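J.: Fit chain B to the given chain A structure using the hints.
Protein chains: 2
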Amino acid sequence: MSLFEKHQSLINQATQALHARTFYAAFVEQPLPAVYGERADEDARNKFAQLLGKKFEELHQADPSHWLGQEESPYTQDQLGILYPAFSVDTLVDRSKKAYHSWRKITPQDRAGILIESLERIKARFFEIAYATMHTTGQGFMMAFQASGPHAADRALEAIVAGYEELTRFPVETVWDKPMGKYNLQLKKEWKAVPKGISVVIGCSTFPTWNSVPGIYASLITGNAVIVKPHPGAILPTAIVVAEIQKVLLESNIDPNVCQLAVDVADKTITKALAEHADVKLIDFTGNSDFGTYLESIKGKAVFTEKTGVNSVIIDSVDDVDKVAANLAFSLSLYSGQMCTAPQNFYIPESGIKSSAGHITVDDFTQKLIGQINALVENPKAGPFVLGAIQNKKTSDRVNDVDKLPGKVLLKSKALENPMFKNARTATPAVLEIEASQKDVFSKELFGPIALIIKTKNTDQSISLAKEMAEKHGAISCGAYTTDATVKEKIADEMAQVATPVSFNLVGGIYLNQHAAFSDFHVTGGNPAGNASFTNPDFVTRRFTWVGQRELV
Amino acid sequence: MSLFEKHQSLINQATQALHARTFYAAFVEQPLPAVYGERADEDARNKFAQLLGKKFEELHQADPSHWLGQEESPYTQDQLGILYPAFSVDTLVDRSKKAYHSWRKITPQDRAGILIESLERIKARFFEIAYATMHTTGQGFMMAFQASGPHAADRALEAIVAGYEELTRFPVETVWDKPMGKYNLQLKKEWKAVPKGISVVIGCSTFPTWNSVPGIYASLITGNAVIVKPHPGAILPTAIVVAEIQKVLLESNIDPNVCQLAVDVADKTITKALAEHADVKLIDFTGNSDFGTYLESIKGKAVFTEKTGVNSVIIDSVDDVDKVAANLAFSLSLYSGQMCTAPQNFYIPESGIKSSAGHITVDDFTQKLIGQINALVENPKAGPFVLGAIQNKKTSDRVNDVDKLPGKVLLKSKALENPMFKNARTATPAVLEIEASQKDVFSKELFGPIALIIKTKNTDQSISLAKEMAEKHGAISCGAYTTDATVKEKIADEMAQVATPVSFNLVGGIYLNQHAAFSDFHVTGGNPAGNASFTNPDFVTRRFTWVGQRELV
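Chains as they are written, first to last, in my numbering: chain A, 3 to 555; chain B, 3 to 555.
Put simply, identical chains are the same to the list, so a pair is met inside one copy or across any two.
Listed next, the in silico SDA-like pairs over lysine to any residue satisfying Cα-Cα at most 20 Å (straight line):
| # | residue 1 | residue 2 |
| --- | --- | --- |
| 1 | K301 | E278 |
| 2 | K303 | D292 |
| 3 | K303 | R544 |
| 4 | K301 | S291 |
| 5 | K301 | R544 |
The hints are simulated quantities; they were obtained by calculation from the structure and are not laboratory data. These numbers come from a predicted model, not from an experiment.
The shape of chain A in the complex, shown without the other chains (with noise of 0.2 Å):
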């Protein structure tokens, strides 16, 4: 049984769940033993504790030029020691043109079927890469376990069967018969979906995996070689993906460099020699706009990018004003807003809002946000978990600077005590009131725990300052309570016309933050946020280009 056959039921029904839409997930994400071993969590803490200090040794590329690795764990701030095989720009390219010519020649199936394969041997690893996770981008152990683990794989899936569904939408071969009188003229016609040739995938140092494998997956089934550039604050989870990729392409008598790591550190990095590189057709990007509009204004390659936006609460009106302040106290706390989808900007008109039990206050409301994210962050059962840790020394300083920026604090940020890990880097939540006027401020993005509260002169201004910020600055995410229907539809007209998805009322167990796999577009790629979309049938076909030929039968 080819791994095609073996992979084909998972194959069509997550194809049904892209177009369906609905709920679909073919990995599990609460890490049970019952699913992933009784012993997966303990042995991979044991296999990750084993690999600190060492050659990652994993990888199927041969003579690295030098070893290296900086990454630090932000829950411990020690540095992990483990060293990666680094190679120049030109022998990772000379290897990627080389490997690209046995990979690009293989059938659309047989690609799915190793990729899908490679999922599998990645979701062995699950606890391994949820602790590599935490200990590179200061995830809490559910959410590493969780995002690089069963919901990276998912959008991987996703990729996957986008690109393999966009393979197959044309004929392989065609006779076309045109009646012309007395005879039919008849040509044998064929189409290939001919790959764009080396990928280079760069990624971020907050969600390793998640970001990075939609890219990777989407060039790989489309017949791309790839080679993946870690951020070097947060290599580990991407060089296990990474290493079981090659595994199975050497199983399958495949050239292991058709999937590469590219390491370097931070003081002498490689990206823009990779991506500026001649023979490299495609680049995928998820990290701060700056660089991701440089690389977009690279000539002559195809590039995804997931940038940075400033994202909007819109509160117009609410049924239950506790139960919203609940619901944003997490969104804002979940992982201290270092997920690109936290919000940043609440904006609320000056005379309050109506609720079920009457008039809020704008006073009312941001005691009622703050007593939530203060029950939060003190509840030690959840609070150290939720925020989990700081990945970047600049976003504790921008956290702890905020009394700097001409606002009135309502809510200062500490650090909070992880009973796991005392030196631990975190940042709670500060909020701060801005006056609509101060556009400066709140027009750029803020990146950690950081809630700006915007006192509008009414919803239209709310509704017009969240439009304006997201196509001027790009947004990811958009929420928006109200209780009015005509106000309700004038926020989503208003917000799909600045692309930008909006989630109306969430209360409970569900947040703004969150973007499922097989249903929720991730970034859009319609405003400055990012141009490329998780996975929008554009995030595949940009990959490769349909050419045919004919001859006469």
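T.: Chain B only, in chain A's frame:
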């Protein structure tokens, strides 16, 4: 019955054809009285004559700032004297912005119905459009009828159904129903295909409707407002198309400014101002590479280009050399080499080629090709009508100046008398022999009826040169003649890697220049000849953004 219901079976047939990619044509390509009306030809000739020297009053675009027009017939070398309403760029964009909102809000079904209805109306004017095309582009009547009439309408229909399919590919709404153990989390989700906004379609002087209607209809079906900027030398065919679209919009109570005509004159063009306008989000262009490359570099736009290329014919071995020479002579002569798919570089091994009748030297082959060109040109029933006239005097000059190129002129171009138009600007094909080392001569497009015979060491060098030309300078078509299966496979694979479609061993009544709607992707988008393709999924998906919204059930 809605227009959608009226045209639904056509939509279904055309969608099936788009995926089957075998022969399909919704519009009959022969100018048959039985199909288009007994008096269609005569009426059209009269109507065309009546348009000359007058204002074109059919457009629903009020209050022009002035009237202009400088079209000239390549057949008479006289001005047509037709004046079109002209507007400032700001007026055009303001009207477009306003009209956009009425158009974006109607359903894909309603848009499809209106757009197909407009094709029905255009069909009734195919003969008139044919005369308009003849007397602006210089095409012979038959090509003018086919290319600007039924073939263009088929390409437009192809864009409509490709867009309609993408717009209806994901559900309008669904319930996302996630099992959470003790309860199910249910979100109602909706998705909208949000148009990009304003689209500018820039036409060329040689195929004013065929090259422009795919972009016009692709932008319209996906909800964008379109400003059509024809080439100043070929406005009339496009003006008739836009007028018919506006009439159907008006009948459907839609602001006709959804599709506006924007005219200018050669020495005072508005193209850059339109393209660079901040509110313009989509640009379609057919024309020269320099301007196309400039357009591609404008930030913040989705740009679809068909530029120029260097098309090759690889001659390795043949069955019947006379049939091959006849086929290629026709390809070269058709519309005097003014097609973007016309062959230019003919690579042939210096040792000659095999044929079923024995060995053929390069001189034998060249003489046969020249013999077939002369036979076609000198046939008074075919020559003047196949060659047509030369659109631009610069093209005549280039053909007449071939003796200044560093090659051996084997056949000189000459003027060809047209029995109906004594003053027609004509030029028969020139044939030159160029050394394979003279890459600077054959690595650019020599637009017009110019064939370069390039002697190579062997077929491997022929392939290598054809590939290099396509990769560096672009290619839209490629012809290849070989009786060797291994060579054929090599040519197909090498040219596919530079995204160039290959026509193998064509003889008889089918030519490498011809790209059929619903079957041949025209321009692949994968080499410098252009970044877009008629009509692959990208051609429509890049014109809108998928945006979701969600709320608790």
